[in-house]
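J.: What follows is the residue order along each chain.
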Amino acid sequence: MPENRWWLAADALDAILDDLARTEALVAPVRHAGEVLFRKVARAADICRDYVNSLVPPKQFFLPTPETLLRYHFTGGQPVLDGDGADGPERALVLFGVRSCDVAGLEQLTRFFSGESLGHPESADGPFLRRRRAATILSVVCQEPGETCMCVCCKGGPALESGFDWQLTRLSKGWLVEVGTERGRELATRFASRLQPAGEDAVAEKTERVRTVVETFYRHSHRRVQTMAAGRMTSQGRLPDAFWADLGERCVECGGCAFVCPTCSCFNVADVAEAGAGVIGPSGGPESAAPGGPVDAPSEGNFERQRLRDNCMLAGFVRQAGGAYPRLSCGERCLTRFFHKLSWQFVQRTGALGCTGCGRCAVVCLAGIGIDRVSALMTEELVGAKGAGA
Amino acid sequence: MTAVAAGPARDGAGLYVPRLARVLEVREEVAADANTRRVVTLSLERGGMDWIPGQFVQVGVFGAGEVPICISSPPGLREALLITVRDAGVVSGMLTQLAPGALVGVRGPCGNGFSLEEHRGRDLLFVAGGMGLPALRGLLWQALLQRSDFGRIVVLHGSRCPGELVYTWQYADWERQGVEVLLSADRGDGCWEHQEHPPRCVGLITALFERAGIAGERTSAFLCGPAIMIEIGGRDLIKRFGVGAHRCVTTLERHMKCGVGKCGHCVVVDRYVCVDGPVFHYDELTALERIEPPW
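Respectively, the protein sequence lines represent chains C and U.
The numbering used here numbers the first residue of the first sequence as 88 and each following residue consecutively.
The numbering used here numbers the first residue of the second sequence as 2 and each following residue consecutively.
Read the hints as simulated data drawn from the structure, not as lab findings.
Some clues are possibly wrong.
[What the hints assert, rightly or not] Take a look, some chain U residues computed to stay more than 12 Å from chain C by CB distance:
1) G49
2) G122
3) R123
4) Q147
5) I233
6) A246
[Stated by the list, open to error] Derived, one-sided and incomplete: chain U residues facing chain C with beta-carbon distance under 10 Å:
7) L21
8) R38
9) V62
10) G66
11) E67
12) V91
13) G94
14) L96
15) A103
16) L104
17) E254
18) H256
19) V261
20) E290
[Unchecked claim] Among chain U residues calculated to face chain C with C-beta under 10 Å, some are:
21) L16
22) Y17
23) R20
24) G61
25) G64
26) G90
27) K258
28) K263
29) C267
30) D271
31) I292
32) P295
Glycine residues also receive a C-beta, built at the ideal position from the N, C-alpha and C atoms.
All chains, full assembly: derive it from the sequences and hints.
T.: Have a look at this one:
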């Protein structure tokens, strides 16, 4: 549809970004202490242009940690709720320079938090959706795969069909702007004076550039998310316990993989006292006078119920009161994580693979068991099993 | 899988906001001593809430946090919301110390709940290990309200020691309504095992299966208890006693932080226990782990 594709002159983009920075909160990649991070910027000139991707995905703008879900206080020893207490977005947010893998991740998070993936729309998560609705996503298509990029394997890029408001592709003489949503259309109307309908040649150039990225990836990168083999092995439960035990032994349980993953969203909920409200334990909660002794419920002070980022690779994640402890071994937790990322069971539930191929877990993993390595090991198991059976 | 919750709409902002409920009554089920932790049954203000047996609520102690606790009272009555809590952690410990009049936070009901309808006309077997009985009590009540629609109703309740059996004050009432109650304790106390009524044994709860005279093809079994009991008990009933895998129903326990399918703490294979469960059929659980992808 031609009205969804616009051509933007090379120097006009910064004018648009400067304008957005004045009227909205503009968030874009900036170089900070040698790392690329998404930060609020005051003008287009501050934006970092030569980056592969940010160190962490921009999910903290939708799932900040800590995030207040509820506020309450005690009056005369009785609890009183303070409104619905949830933090709202301060103002409309425009995210520029998001890569396709992270757009795909955010799309998955949105489906999950709206309750759509699990078939429970009545449990839509208000705090997340308020932030998501207040955000505009201007994604930028990658022109060259990075060393650890694997989006091509996971339908996570280099360009997408949906999930963005605008998808920008750098062309030889300007930018191709693809509009993905109603919000994107509104934005195109606002900047109509700077946009021209995109010609067939611009669209063809984009297609060619995307094709080149894919070709370069297959020709030069040795990293893959081997989705077919890994999907078979996890969905059918064909990986022996020893496989997971071995992964568990290598894993150092830092949790880095989940913290940097654009589709990971597990969280903990804790009631935390504001400073000066009684004796506070290491978790922010109340603490008994003697270790193991009875604990009295607080009856004064101001409290927040907070959402805090959590991580299925950490040992305490599924710990239950009373001693029951599912997934006690790290190997079992590796199984849970990679099953969630790669199995057909979860593809069916969430509508997409749990990995968008951003490659960050391969970068941060101290044990060298990012998703590329693990899926390669799964392929070896599959081939080995076939070989043995023949 | 059973019907969806009949709870209040929990949209957007209110998803994590509890309602305040007053503790109306406290009954001590198990006294704390050197070997046992205190267990109490709390009656909470119902506040217009209705539920399906097997559903749970997120119960919060203000200033401490929330824990998921199954609802033990039957739906549809004007009776209070009953929860039975064991002093197992910080929040549950505080719940066991509450006095009538205290205010707690309640969110829910959460989860799918049991469907009694699909078991009409059959024998009902309840297998409850320790704190598993509170999860089944609401369903038992619901069955008793329609007693003539079911065949035998048998309750097997086991615990580590006799002092940890819960709802002992109810057994006589249940028996009057035609329920057979059989008890087990992993070890006796020198006195309990010599009493005659209700029938009892020292040993694992599975030892009661033989004694209960289960007719597998007519029986629907509901199991709740420690993971090992759910696993071995279910396998025994299906393999040795011929109970259909689809007639074997369990309710799983996980420490949900949100109760609404978001926090990820309760994931089992690809199911979120808090919204897809906590009630599962055995055949469903075993089918989850191995499926054929379309490629």
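J.: Indicate, hint by hint, whether the structure satisfies it.
T.: Against the structure, the hints come out as follows:
Every CB of chain C lies more than 12 Å from the CB of G49 (chain U), the least distance being 17 Å, so the non-interface label holds. Its beta-carbon lying about 30 Å from the closest one in chain C, G122 (chain U) satisfies the requirement of being farther than 12 Å from that chain. Consistency note on R123 (chain U): stated as away from chain C, and its beta-carbon is indeed over 12 Å from all of that chain's, at 29 Å minimum. The claim that Q147 (chain U) lies off the interface holds: its Cβ sits roughly 28 Å from the closest Cβ of chain C, which is beyond the 12 Å cut-off.
Residue placement check: I233 (chain U) keeps its beta carbon more than 12 Å from all beta carbons of chain C (closest about 15 Å). Interface exclusion of A246 (chain U) from chain C stands, the closest Cβ pair being 18 Å apart, more than 12 Å. Checking L21 (chain U) against chain C: minimum C-beta separation of about 7 Å stays under 10 Å; hint holds. Proximity of R38 (chain U) to chain C holds as hinted, the smallest CB-CB distance being about 8 Å (cut-off 10 Å).
Interface restraint check for V62 (chain U): the shortest CB-CB distance to chain C comes to about 5 Å, inside 10 Å, so the restraint holds. Evaluation of the G66 (chain U) hint against chain C yields a held restraint, the C-beta minimum of about 5 Å falling below 10 Å. Proximity of E67 (chain U) to chain C holds as hinted, the smallest CB-CB distance being about 7 Å (cut-off 10 Å). Interface hint at V91 (chain U): satisfied, since its Cβ lies 6 Å from the closest Cβ of chain C, which is below the 10 Å cut-off.
With its C-beta approaching chain C no nearer than about 6 Å, G94 (chain U) sits inside the 10 Å limit, and its interface hint holds. At its closest, the beta carbon of L96 (chain U) sits 9 Å from a beta carbon of chain C; the interface hint therefore holds under the 10 Å criterion. The closest approach between the C-beta of A103 (chain U) and any C-beta of chain C is roughly 8 Å, which is under the 10 Å cut-off, so the hint is satisfied. The beta carbon of L104 (chain U) comes within 6 Å of a beta carbon in chain C, closer than 10 Å, and the hint placing it at the interface holds.
At a threshold of 10 Å, the smallest CB-CB gap from E254 (chain U) to chain C is about 7 Å, leaving the interface hint in force. Hint status for H256 (chain U): holds, given a least beta-carbon distance of 5 Å to chain C, under 10 Å. The beta carbon of V261 (chain U) comes within 4 Å of a beta carbon in chain C, closer than 10 Å, and the hint placing it at the interface holds. The criterion of a C-beta within 10 Å of any C-beta in chain C is met by E290 (chain U), whose closest approach is roughly 5 Å, and the hint holds.
At a threshold of 10 Å, the smallest CB-CB gap from L16 (chain U) to chain C is about 6 Å, leaving the interface hint in force. With its C-beta approaching chain C no nearer than about 4 Å, Y17 (chain U) sits inside the 10 Å limit, and its interface hint holds. Against a cut-off of 10 Å between C-beta atoms, the interface hint on R20 (chain U) holds, since the closest Cβ of chain C lies about 9 Å away. With a least beta-carbon distance of about 8 Å to chain C, the hint placing G61 (chain U) at the interface is held under the 10 Å criterion.
Interface hint at G64 (chain U): satisfied, since its Cβ lies 3 Å from the closest Cβ of chain C, which is below the 10 Å cut-off. For G90 (chain U), the interface hint holds, the least distance from its beta-carbon to any beta-carbon of chain C being 3 Å, beneath 10 Å. The beta carbon of K258 (chain U) is positioned within 10 Å of a beta carbon in chain C (closest approach about 4 Å), and the interface hint is therefore held. Interface hint at K263 (chain U): satisfied, since its Cβ lies 6 Å from the closest Cβ of chain C, which is below the 10 Å cut-off.
For C267 (chain U), the shortest C-beta to C-beta distance to chain C is roughly 8 Å, which falls under 10 Å, so the interface hint holds. At a threshold of 10 Å, the smallest CB-CB gap from D271 (chain U) to chain C is about 4 Å, leaving the interface hint in force. Hint status for I292 (chain U): holds, given a least beta-carbon distance of 5 Å to chain C, under 10 Å. The closest approach between the C-beta of P295 (chain U) and any C-beta of chain C is roughly 7 Å, which is under the 10 Å cut-off, so the hint is satisfied.
Hint violations for this structure: none, all hints satisfied.
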